[in-house]
Every structure is written in C-alpha cells, then in structure tokens.
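Start from the sequences, fold in the hints, and give me the full structure.
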Amino acid sequence: MTQPADPNLLKGNLELILLEILEDAAMYGLEIIGEAQSRTAGYFDFKEGSLYPALHRLESQGLLRAEFRDSSTGGARRKYYQLTEKGQRALKQKREAWQRFAAAMNTLRGTP
Amino acid sequence: VNRELETYLRRATRGLWGKKRLEVREELTQHVLEKAHGHEVGGLQREAAIARALTELGDPRAIRSGMIGVHTMPKLFRNTAALGLFAAISLTALNSSRAQIEVVLPNANLDALSANPITNSKFATYLLSFESIKQNLEGLGIVVDSTAKAPVG
Chain A
595 MTQPADPNLL KGNLELILLE ILEDAAMYGL EIIGEAQSRT AGYFDFKEGS
645 LYPALHRLES QGLLRAEFRD SSTGGARRKY YQLTEKGQRA LKQKREAWQR
695 FAAAMNTLRG TP
Chain B
105 VNRELETYLR RATRGLWGKK RLEVREELTQ HVLEKAHGHE VGGLQREAAI
155 ARALTELGDP RAIRSGMIGV HTMPKLFRNT AALGLFAAIS LTALNSSRAQ
205 IEVVLPNANL DALSANPITN SKFATYLLSF ESIKQNLEGL GIVVDSTAKA
255 PVG
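As you go down the protein sequences, you meet chains A and B in turn.
Residue numbering for the first sequence follows our numbering, starting at 595 and increasing by one per position.
Residue numbering for the second sequence follows our numbering, starting at 105 and increasing by one per position.
If you're looking for bench data, these hints aren't it; they were derived computationally from the structure.
Note that the structure is a prediction, hence the values are computed from the model and not measured.
Among the clues, some could well be false.
Straight-line C-alpha distance at most 20 Å; calculated DMTMM-like pairs for lysine to aspartate or glutamate [claimed, not checked]:
| no. | chain 1 | residue 1 | chain 2 | residue 2 |
| --- | --- | --- | --- | --- |
| 1 | A | Lys605 | A | Asp639 |
| 2 | B | Lys123 | A | Glu661 |
| 3 | A | Lys641 | B | Glu138 |
| 4 | A | Lys605 | B | Glu242 |
| 5 | A | Lys688 | A | Asp618 |
| 6 | A | Lys605 | B | Asp163 |
| 7 | A | Lys605 | A | Glu690 |
| 8 | B | Lys123 | A | Glu629 |
| 9 | A | Lys688 | A | Glu609 |
| 10 | B | Lys124 | A | Asp664 |
| 11 | A | Lys641 | A | Glu679 |
| 12 | B | Lys124 | B | Glu242 |
| 13 | A | Lys686 | A | Glu614 |
| 14 | A | Lys680 | A | Glu617 |
| 15 | A | Lys641 | A | Glu609 |
| 16 | A | Lys605 | A | Glu653 |
| 17 | A | Lys641 | A | Glu625 |
| 18 | B | Lys123 | A | Asp664 |
| 19 | A | Lys680 | A | Glu690 |
| 20 | A | Lys680 | A | Asp618 |
| 21 | A | Lys605 | A | Glu642 |
| 22 | B | Lys124 | B | Glu110 |
| 23 | A | Lys641 | B | Glu242 |
| 24 | A | Lys688 | A | Glu653 |
| 25 | B | Lys124 | A | Glu653 |
| 26 | B | Lys124 | A | Glu661 |
| 27 | A | Lys680 | A | Glu653 |
| 28 | A | Lys641 | A | Glu690 |
| 29 | A | Lys680 | A | Glu614 |
| 30 | A | Lys686 | A | Asp618 |
| 31 | A | Lys688 | A | Glu614 |
| 32 | B | Lys123 | B | Glu110 |
| 33 | A | Lys641 | B | Glu160 |
What follows is the structure, encoded as structure tokens:
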C-alpha cells in the first residue's frame, strides 16, 4: 500500500478530489471513500468525518445534487451525490488550475 | 439505536435544525451501520463494531463544526437584520402578542421583519410586535421563552 497523502494536501484539494470521483457516477459517502482509496492505491485516505461537511458544502454551492435512495441490501437509505452541470464546469476549471499549478512546480524545479 | 451511536449523532448534529438535522443523522447513521456491519463480518461483536466505526468516523465536534459552517452560519448572515436587532436591543420578554418594542436602527434591510419604518432618513424607527420578533428568531432556530422574566442586560 502506498504511503498516504499529506493530510494538508488532501484537505486543500478535497473539493477537486470529490468532483473527480463523482464525475462519472453518483455515489454515497462510504463508496466515495472506497473509490478514492482504490483508485489511488490507498494514497488518498480521507479522514472520514471531513468528507460529509465537504459534500454538503459542494451541494449547497450547487455543484452536487443529492438524493436518498433505498439500499440494495435492505439496510438504511443511502444519500447519493452526483455532479450538476455547474459541478461539471467547476471540475473543468479546478482541474485546469491544478494542471497549471503542477506544471509551474515542475518548471520551478527544472523538470519539464 | 445503540447508545454510543445516539450520543455521537447528538453531538455531531447539535446546532442543526429540522429537516437538515434529520438528514445528517440519517446519513451518518447509514455510514456507521454499514461500516460496523463490515467489522462484524470481520469477527467483532455488534457493540465493538459500532464503536470502531465511530472511532474511524472521527470526532463528532469536527463534523458538527463543518456542518454548522455550511448550513447554519450562512442562514444567520442572510438574516443580518434579525441579528442586528438581536444585538441592538435588550429584549425584555413580554407575554403579550400586542406589546411593541421600539427599535432605532441605521437604515438597513429589515424586509425579513416585515416592519414599516416610521421615519426614513439616516435612522429609522421600527415598531415591532413581540410576536413578529419571536417568529423571526424562531425561524433562525433560536428558542424564545415568552414567560415574563427580569429584563436582560
């Protein structure tokens, strides 16, 4: 398993990470955490409690839409989040900003 | 509901109100129970499984703080008029729906209070019934005790 990411880096980029994960499919909290871990080989290891306020903030900003759905396993209802059109646009902007930042960092240390 | 889970949920949602509080409770409950189920499959007893799931979810005060930042504070700021009122006057609890309180404030948007200013210059005087103040404060989630007491402040 990869060494987990610096928590401050994760915190500073949490919104971009969540938008990336939710780009293709609606997911609920635990599923998002699992997806982040599996797609990054454990590098993105969220503090679970930080996830929900971030999801609610994105929802209140209109970047995510949420709805409760019955569980397929018969348990409690799950709250699923998915990107809105505004969220798609925000993801594109944040992704470009991140790429410019990463490129600038590489330039700074002399790596093309 | 498991007592430890109930205590956690109460701490995590303190300060939230109404439907939003219920939704956050339901979402966190689902998270904990599903996570606990995984721990049970792994061999833990039910109580221990829930306890571990709660530990992994983290400090409920952090969730509370984050949720209040999203749901409660913006609403409070949107209602600046009511907040200004709350800060500007010493509220004497009046047990009468016909009682009125005279408030002199700089001209501000007091639409939320449905008050008609008597003057409309730099400062305006508003006559507000206790009931209208009570309704607006309760709309912000503030509990108003309307029994007669000594003046505050």
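Tested hints:
1. Our distance criterion of 20 Å between C-alpha atoms is met by Lys605 (chain A) and Asp639 (chain A), whose separation comes to about 11 Å.
2. A hinted pair counts as satisfied when its Cα atoms are at most 20 Å apart, and Lys123 (chain B) with Glu661 (chain A) qualifies at roughly 14 Å.
3. With a C-alpha separation of about 17 Å, the suggested pairing of Lys641 (chain A) with Glu138 (chain B) holds against the 20 Å cut-off.
4. The hinted pair formed by Lys605 (chain A) and Glu242 (chain B) fails the criterion: a straight-line CA distance of about 35 Å is larger than 20 Å.
5. For a cut-off of 20 Å, the pair hint linking Lys688 (chain A) to Asp618 (chain A) stands: about 16 Å separates their Cα positions.
6. Using a Cα cut-off of 20 Å, the hinted pair Lys605 (chain A) and Asp163 (chain B) holds, with the two alpha carbons roughly 16 Å apart.
7. Of the supplied pair hints, the one linking Lys605 (chain A) and Glu690 (chain A) holds, its CA atoms being roughly 19 Å apart against a limit of 20 Å.
8. The hinted pair formed by Lys123 (chain B) and Glu629 (chain A) fails the criterion: a straight-line CA distance of about 29 Å is larger than 20 Å.
9. For the given pair, Lys688 (chain A) sits about 9 Å from Glu609 (chain A) by alpha-carbon distance, which is consistent with the 20 Å threshold.
10. Only pairs whose Cα atoms come within 20 Å are accepted, and Lys124 (chain B) paired with Asp664 (chain A) is accepted, the gap being roughly 19 Å.
11. A C-alpha spacing of about 28 Å is found between Lys641 (chain A) and Glu679 (chain A), which places the hinted pair above 20 Å, so the restraint is violated.
12. A hinted pair counts as satisfied when its Cα atoms are at most 20 Å apart, and Lys124 (chain B) with Glu242 (chain B) qualifies at roughly 16 Å.
13. At most 20 Å may separate the alpha-carbon atoms for a hinted pair to count; Lys686 (chain A) and Glu614 (chain A) meet this at roughly 9 Å.
14. For the hint pairing Lys680 (chain A) with Glu617 (chain A), the CA-to-CA distance comes to about 12 Å; that is within 20 Å, so the pair holds.
15. As the CA atoms of Lys641 (chain A) and Glu609 (chain A) are separated by approximately 14 Å, the hinted pair is consistent with the 20 Å bound.
16. Distance restraint check for Lys605 (chain A) and Glu653 (chain A): the Cα-Cα separation of roughly 17 Å lies within the 20 Å cut-off, and the hinted pair is therefore satisfied.
17. Restraint check for Lys641 (chain A) and Glu625 (chain A): the C-alpha separation of about 14 Å stays at or below 20 Å, so the hint holds.
18. Between Lys123 (chain B) and Asp664 (chain A) the CA atoms are separated by roughly 18 Å; this keeps the pair inside 20 Å, and the hint holds.
19. The hinted pair formed by Lys680 (chain A) and Glu690 (chain A) meets the criterion: a straight-line CA distance of about 16 Å does not exceed 20 Å.
20. With a CA separation close to 15 Å, the supplied pair Lys680 (chain A) and Asp618 (chain A) stays within the 20 Å bound.
21. Among the hinted pairs, Lys605 (chain A) with Glu642 (chain A) is consistent with the structure: their alpha-carbon atoms are about 12 Å apart, no more than 20 Å.
22. As the CA atoms of Lys124 (chain B) and Glu110 (chain B) are separated by approximately 17 Å, the hinted pair is consistent with the 20 Å bound.
23. Straight-line distance between C-alpha atoms of Lys641 (chain A) and Glu242 (chain B) comes to about 35 Å, which puts the hinted pair past the 20 Å bound.
24. For the given pair, Lys688 (chain A) sits about 16 Å from Glu653 (chain A) by alpha-carbon distance, which is consistent with the 20 Å threshold.
25. Between the alpha carbons of Lys124 (chain B) and Glu653 (chain A) the distance comes to roughly 13 Å, so the proposed pair stays at or under 20 Å and holds.
26. In summary, the hint linking Lys124 (chain B) to Glu661 (chain A) is supported, as the alpha carbons are separated by about 13 Å, within the 20 Å threshold.
27. Simply put, Lys680 (chain A) and Glu653 (chain A) have alpha-carbon atoms about 11 Å apart, close enough for the 20 Å limit, and the pair holds.
28. Under the criterion of a C-alpha separation no larger than 20 Å, the hint pairing Lys641 (chain A) with Glu690 (chain A) is inconsistent with the structure, at around 26 Å.
29. For the hint pairing Lys680 (chain A) with Glu614 (chain A), the CA-to-CA distance comes to about 14 Å; that is within 20 Å, so the pair holds.
30. Restraint check: the Cα-Cα separation between Lys686 (chain A) and Asp618 (chain A) comes to about 13 Å, which is no more than 20 Å; the hinted pair holds.
31. For the hint pairing Lys688 (chain A) with Glu614 (chain A), the CA-to-CA distance comes to about 10 Å; that is within 20 Å, so the pair holds.
32. Restraint check for Lys123 (chain B) and Glu110 (chain B): the C-alpha separation of about 17 Å stays at or below 20 Å, so the hint holds.
33. Among the hinted pairs, Lys641 (chain A) with Glu160 (chain B) is consistent with the structure: their alpha-carbon atoms are about 8 Å apart, no more than 20 Å.
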